[in-house]
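Could you put the whole structure together from the sequences, leaning on the hints where they help?
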Amino acid sequence: MTASAFVEIEDVGFRRDRRVIYDGLNATVPRGKITAIVGPSGTGKTTLLRLIGGQLKPESGDVRVDGVSVQSLKRAELFQLRKRMGMLFQSGALFAELSVFENVAFPLRVHTDLDDELIRLIVLMKLEAVGLRGAVDLVPSELSGGMQRRVALARAIALDPEMIMYDEPFAGQDPIGLGVLLSLVKQLNQALGLTSLVVSHDLQETLSIADHVIMIANNRVAFEGSPAVMQSSNDPLVQQFLHGSPDGPVRFHFPAPALEDALS
Amino acid sequence: MYSRRLELSVGAFVLLGALCLAFLALEVSGLASTGDNGTYRLSARFDNVAGLTTRAKVSAAGVTVGRVVGIRYEKATAAAIVEMEISQDFAEFSEDTSASILTAGLLGEKYIGLSTGGDPNNLADGDMIYDTQSAIVLEELIGKFLLNMSSEK
Amino acid sequence: MIDWIAGVGRSTLSQVSDLGRASLMLMQAIFGRSNVGVYGRLTVDQIYAVGVLSLSIIIVSGLFIGMVLGLQGYTILTDYGSEQALGQMVALSLTRELGPVVTALLFAGRAGSALTAEIGLMKATEQLASLEMIGVDPLRRVVAPRFWAGVISLPILSLIFVSVGCLGGALVGVSWLGVDSGSFWANMQASVDFFDDVFNGMIKSVVFAIVVTWIAVYQGYDLVPTSEGIARATTKTVVYASLAVLGLDFFLTAVMFGEI
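Protein chains in written order, with this note's numbering: chain G, 32 to 295; chain F, 684 to 836; chain H, 25 to 284.
Warning: the hint list may mix true and false statements.
The calculated EDC-like cross-link candidates involving lysine to aspartate or glutamate, where the alpha carbons are at most 20 Å apart (straight line), are [claimed, not checked]:
id, chain 1, residue 1, chain 2, residue 2
1, F, K740, F, D814
2, G, K76, G, D54
3, G, K88, G, D144
4, H, K260, H, D246
5, G, K114, H, D161
6, G, K88, H, D246
7, F, K740, H, D220
8, G, K76, G, D93
9, F, K740, F, E766
10, G, K76, G, D42
11, F, K740, H, D217
12, G, K114, G, E90
13, G, K64, G, E255
14, G, K64, G, D97
15, F, K740, F, E768
16, G, K88, H, D161
17, F, K758, F, D730
18, F, K793, H, D217
19, G, K88, G, E108
20, G, K76, G, E255
21, F, K793, H, E107
22, G, K105, H, D161
23, G, K76, G, E41
24, G, K217, G, D233
Covered stretches of chain H, going by a simulated chain G footprint (3 or more residues, C-beta under 8 Å) [claimed, not checked]:
id, stretch
25, 146-152
26, 156-166
Since the hints were made in silico from the structure, they are not lab data. What you are looking at is a predicted structure, and each value in this text was computed from that prediction instead of being measured. Where is the CB? At the ideal position from N, CA and C, for every residue including glycine.
Structure below.
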């Protein structure tokens, strides 16, 4: 067990409805760094975040966060662990009936006994960090998608967690919104000393801020290492993925009998 | 975070429900009119109680004084014993009170009519009424009528 | 042929496992770790959403059904010269059957489908998942208040329905068709027993409330988190809940009034 790893995924197997998602997955997430999880669609990248967060249990193998095996935790212990992790969902997942202020204050009210004055200060500071202190009294439906994500990010850092998991944070963003989120992820990681885990399809952008890359394909880890090493990898699958080539180890044609036979 | 108007409307909602319950209890099911003074029991033996059911009313001079609470068959006398609960408000039925099974209205709901007599002593809790008139069974009546018709010829 | 039997078997097994999942969900919603202050307020919010907002449809329906009962009842009873029995006919129909059943059906359609859609939307937008990640049990925070709100609201709505219905019947019978007011109410009071009729009707209502609300929240919680999934789940809620109400009504009526 490396002291510098915050999350260790050891030989994990997972199935959903008889479909194998993982088969002997091994990876580590280094402490204090930005780790990107990439790979073709449908390879279960979001599932991995849920396994780490304890929402799902692996069928075999071990998922350890800071040395503690997540699936063996009891309810109360899992509750404590979740204080230390923040998660940013793909859709932001703000609570629609609460204001921006109440959304960010929510984890504070759940996990702490702080009085209203102190909660107010903390919420305003978190919103300031993501640049949305002015939106404090709005409701989610009044915000754009990108702003909702930033508020969700403020909510995710409300309890000053040690790790934040981002599920497709850049999906569907225009270049400016994307730039804002990218810089936020990087800034927060450095300023707060976080371990960041980013699942994304936006390869170039994600690789530009990542220190460590895990590529998942074919139910296991296809590549793990730094972005620079990934660029110079000889693995054809990695190369196809990096360059977005239409054909390669991931075939262009859906399996079908030979063309001559079908046409005659 | 908690609108005053919402609180008020939920409170009013529950209050409305309680009012309806009271309405149903008093106006629809006449709960209040059942005797507050308690009840006492009388029984009566009939040869035939055809059509009488439990919860049928017991009345005297047309006024409801109680309810039938049980009907059973007594093997020894091959007769039906009817248990009645009479309100304490009407505690003065003489020992020679008679009980008849009558029919109310065209729809044929059977009830018990009590007719008090002249005896100075009154019926007490648990007493039995012996002077009874059984239910009129329609088939027997028709049979009697036909018999009379044919014997007149 | 074999395929068909296998299909039936598979579908039965999936229904049974559905029921199991639904029961587990209910157990956790009711008996999970609690925090009465917050959940009390959430429940009150839900009583407003589910009960107060259903008042208009319940009152209007109750009024019309009561009026129709008055009208139809009068037409039938005049043939026997028994118009004075109109009061008891209206009241008994409402307290024993129409009150609990129709209210439950209307509730399933209006409030039940809304509950399913609401919870389903929270699932589809990952709000339930983020509650979990923050460490709040979504069953306690989202499902339980809605469940209790339904169980509390439906019997109250039934009471209101029956009352309004009786008044509607009186409106038609006494004011419009000329049935004697005294005999209308007196006959009603003589034949409606509080415990056998009104109270039994309430018991039915509570049973329906539990079943309808349970189906509604379960369908919302368990659905496929897409817009198509939500649409399908709301339909299922209305259909299953309605069938359950009608089936249970027969069973309860047989037990309560059929002297079985």
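These are the hints, each one checked on the structure:
1. F:K740 - F:D814: 19 Å, holds
2. G:K76 - G:D54: 14 Å, holds
3. G:K88 - G:D144: Roughly 31 Å separates the two Cα atoms, so the pair is violated.
4. H:K260 - H:D246: At roughly 12 Å apart (the allowed maximum being 20 Å), H:D246 and H:K260 satisfy the hint.
5. G:K114 - H:D161: Holds: G:K114 and H:D161 sit about 14 Å apart, inside 20 Å.
6. G:K88 - H:D246: 18 Å, holds
7. F:K740 - H:D220: 15 Å, holds
8. G:K76 - G:D93: 17 Å, holds
9. F:K740 - F:E766: Holds - the C-alpha atoms of F:E766 and F:K740 are around 12 Å apart, at most 20 Å.
10. G:K76 - G:D42: 16 Å, holds
11. F:K740 - H:D217: Holds, because 12 Å separates the two Cα atoms, which is no more than 20 Å.
12. G:K114 - G:E90: Judged against 20 Å, a Cα distance of about 25 Å means the pair is violated.
13. G:K64 - G:E255: 14 Å, holds
14. G:K64 - G:D97: Holds: G:K64 and G:D97 sit about 14 Å apart, inside 20 Å.
15. F:K740 - F:E768: 10 Å, holds
16. G:K88 - H:D161: 17 Å, holds
17. F:K758 - F:D730: 12 Å, holds
18. F:K793 - H:D217: 17 Å, holds
19. G:K88 - G:E108: 15 Å, holds
20. G:K76 - G:E255: Holds. G:K76 to G:E255 sits at ~14 Å (cutoff 20 Å).
21. F:K793 - H:E107: Cα-Cα ~19 Å, so holds.
22. G:K105 - H:D161: OK: G:K105 and H:D161 at ~14 Å, within 20 Å.
23. G:K76 - G:E41: 16 Å, holds
24. G:K217 - G:D233: 15 Å, holds
25. 146-152: holds (count 4)
26. 156-166: holds (count 5)
In this structure, the earlier hints numbered 3, 12 are contradicted, and the remaining ones agree with it.
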